[in-house]
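Each chain, written out:
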Amino acid sequence: MYETNYHRASSVDEAAALFAKGKEAKYLAGGHTLIPVMKQRLAGPSDVIDLARIKELVGIEVAGDTVTVKAATPHYDVAASDAVRKAIPALSSLASQIGDPAVRHRGTIGGSLANNDPAADYPAAAMALGATIKTNKRSIAADDFFKGLFSTALQDGEIITAVSFPVPAKAGYAKFPHPASRFALTGVFVAKAKSGDVRVAVTGASQSGVMRSAAIEAALKANWAASAVDGVSVSSSGLLSDIHGSSDYRANLIKVMAQRAVTAAG
Amino acid sequence: MGVEGIGASVVRKEDKRFITGKGRYVDDIKLQGMTYAHFIRSPHAHARVRGIDASAALKMPGVVAVLNGKQIVDDKVGNLICGWAITSKDGSPMKMGAWPAMAPETVRFVGQAVAVVIAESKNLARDAAEAVVVDYEELPAVANVAASIKSGAPQLHPEAPGNQVYDWVIGDENAVNGAFAKAANVVKLDLTNNRLAPNAMEPRSAIADYDAAEEHFTLYTTSQNPHVARLVLSAFYNIAPEHKLRVIAPDVGGGFGSKIYIYPEEMVALWASKRVGRPVKWTGDRTEAFLTDAHGRDHVTHAEMAFDKDNKILGLRVKTYANFGAYMSLFSSSVPTYLYATLLSGQYNIPAIHAEVIGVYTNTTPVDAYRGAGRPEASYLVERMMETAARQLKVDPAELRRRNFITQFPHQTPVIMAYDTGDFHASLDAAMKAIDYAGFAARKAKAKSEGKLRGIGLSCYIEACGIAPSKAVGSLGAGVGLWESAEVRVNPVGTIEILTGSHSHGQGHETTFCQLVADRLGVPISQVSIVHGDTDKVQFGMGTYGSRSAAVGLTAILKAMEKMEAKAKKIAAHALEASEADIVIENGEFKVTGTDKSIALPMVALAAYTAHNLPDGMEPGLKESAFYDPTNFTFPAGAYICEIEVDPSTGKTNFVNFVAADDFGRLINPMIVEGQVHGGLAQGIGQALLEHAVYDANGQPVTASFMDYTMPRADDLPSFKLSHTTTLCPGNPLGIKGCGEAGAIGASAAVINAITDAIGKNNLEMPATPDRVWRTIHAA
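One line per chain: the protein sequences are W and C, in this order. For our numbering, count along the first sequence from 1 and bump the result up by 394. For our numbering, count along the second sequence from 1 and bump the result up by 6.
Think of the hints as simulated: they come from the structure by calculation, not from any bench. Mixed in with the good hints, there may be bad ones.
Below 30 Å or equal to it, Euclidean Cα-Cα: the simulated BS3-like pairs (lysine-lysine) are [to be verified]:
| hint | chain 1 | residue 1 | chain 2 | residue 2 |
| --- | --- | --- | --- | --- |
| 1 | W | Lys-433 | C | Lys-36 |
| 2 | W | Lys-417 | C | Lys-65 |
| 3 | C | Lys-458 | C | Lys-727 |
| 4 | C | Lys-658 | W | Lys-564 |
| 5 | C | Lys-156 | C | Lys-325 |
| 6 | C | Lys-658 | C | Lys-727 |
| 7 | C | Lys-439 | C | Lys-458 |
| 8 | C | Lys-128 | W | Lys-417 |
Start from the sequences, fold in the hints, and give me the full structure.
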């Protein structure tokens, strides 16, 4: 690891001010991506600004038809929250499948979304549920937030403060874990909004990060049933291909996981 | 046997320190004035080193030295050796290129060191390493067997034309041709034994400390065999004569073979310590472990088996290409030859066997012995072959095996090995009963009705452990003897220290070896301690690998115990005014049989050391040593049966059941044996389903971290049902066969046989990843 200056911010404003002062500052949340790449000397930020202990960034609120998870809330808290389980059981289930217990106690929703790893779980939930990502500057719709591999609409120094999920009529998440990393080799989140709108988001499979599947959305909109996906043709074009999963295999997993997600959603 | 004697599941003495964080590993050791080494490693699989510019690095704060491959060659540090000479079928010796500890001119695999930075801290060494400019001229590379043997392929070493190290044969080719000529059926099989990275929990580490006044080196290192390390460093690498080099292997966190070898980093640390006049520490990280720890397996094989009309095996013909990587590691040459082809008879009567093994260089990490070493490859081949044959001949796989089992012992195979004892029917029967083999068809039908593909797979393995005797292995080309030594020291107060040349790096010697003493003397194991891992304490030893510590190392202790006991009996008889022949040892006392006269062990020991009243002419003291050279290998064997279910929509394999019936001869500590089997099975299953060290076509490693290399986790594995059938090994007085590698040797074939049974297609390579299984199911 290169030498760096560690700051523990006590408020979002202080964090943003520290960031602005740093030459090449980085925010730190759970640290599950930043710390390993720093240890490998693939990143060498001048300043690391820790957001995880900012009180205003931790907590879960369920009000009316909205579940709001503040950005530095660890996955474990989301998985263990009765309120989340009642409102959006699929979100609770997704959080419980991230990494292992150590990861879930440290990793945060804000960190996951800001990093936008193409195999991370949370982007699928945010996209499928039509979440709103709130920052210290604005609110961004999920459809506008994800911009490809490890890339988002966040501006330099902008901090995610919370993520709001509209409570759907039905939702489910099914994940086929990568055998080695246990990220999603392919994960599919299906959601039927109270408006009747259907959104299906796929993570782990695409070369450009989380994506929606228009074909599966159309099929499920016509008939919310696992069998509705049988006839859908999922193209392997643009999908990732590596030693753990060829693009054909991932295309198959998109269908199979979509069906399991629908079954889980009920 | 007593509560702590042979056969008792005594809780491991060493675990208190391990589970409370009090173990003392090499990286825990800090010496006064210690410096830290960081290696600069090639990012290319094959390249010429045109120049190394360290001028900027040398000006950086805390940098003590930057040393390179040219300097180590100029200082006449020897090239790394391969310690087992193999002769090709044309009579020529194996053809090897030189392997200097750091490359002076050409790098041949990603990760090979070209230079080292020595600095005041590890971080400063890494900082400086980034300022060292290495000018590489990239060369074309070959990353696998197929690429390596192609005509016109890039060549690694001028000494080895065609990248070929040797072309070795074993067995009677004419007899095999005759067998095939009269065969009613011939079964053919092509398979790959996938390359594995060993991944001991503790990465390798070394601290070298040169004392200029005494011209003496101390090396702390992660070694399975510190005496062999000292021997090789002294005799071949010109580091120092043996009496000027002490090698200490303290607590070591796993080895699986990967810590047998003397690696470049240890040589460089020793050499650098003398050059800079300060201790030098190097501790590898996980990436370095993936790049530089010797890998395992990596065979490509074609095999054919001939059967008569009654499904009796007539002959076996095998041709194997073994990928050695870029250099010949210490025992690499023996692994695909004498540790592999000599086990091709499996548990079966095979009248004629012929095997040809072609060893090749590629631009990859060197390959050497990894848990099982040659025997997993042999067992996998034979057991995949038996399953394939059963399918082709349309007979039950258990029945085909039974028909061909060896039942008379000793049995001379056509490939050197003479099996001493065994009962293959007993272990197969036990495993079949444990898994309810008879009820499988009904379970398969039920699974089918639920949309799942269920399969069952057998593997009846045999292996050879405690490789010996020295004279025999010497005649086959080994550069070392394979005996073991031990010393028993009874202290004046009656406590006992056992010094052993075996090295414990997870095996539990500190418990099992004490149990032998407890068994013989009737003393509690708390009164006994095991001393190992230090060449200044233990005179000599060959170390721990090949499941040899109990069969060979413990027998050496037994031999020393017998000598000590004989002397102690003389002292006791003298003190008790009885005949030596009437003395028996019970509960820590020497008793005159048939009387109530006795003297306790501490009093005998005290008498030995005060020497006030010893028999005439007896030397004082109570300390004996022994060297033990076995008369034969030992032959652990067993039957593993695995029942799995495949999800056809994802290709995912889930375990339903896994049973093991092993014959290890006598068990010293059944609980520790169980742990050894669990670990071995995890690695065997890991090879079958998960693990694969992959290179791309240019020789770049694809799996150099746990993000890509799938190490087995607890939830990847089933709960194992273990049992034992026992035939005592006649080759050693304790009847021990060894248990360390069996799981890794036998498990892979059982898993692949089960999956291929489930999906109804016989061709499936390891690791059977979900993608691969799904693809195989849905292939036209």
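Which constraints among the numbered hints does this structure fail? Numbers only, ascending.
Of the numbered hints given earlier, the structure breaks none, since each of them holds.
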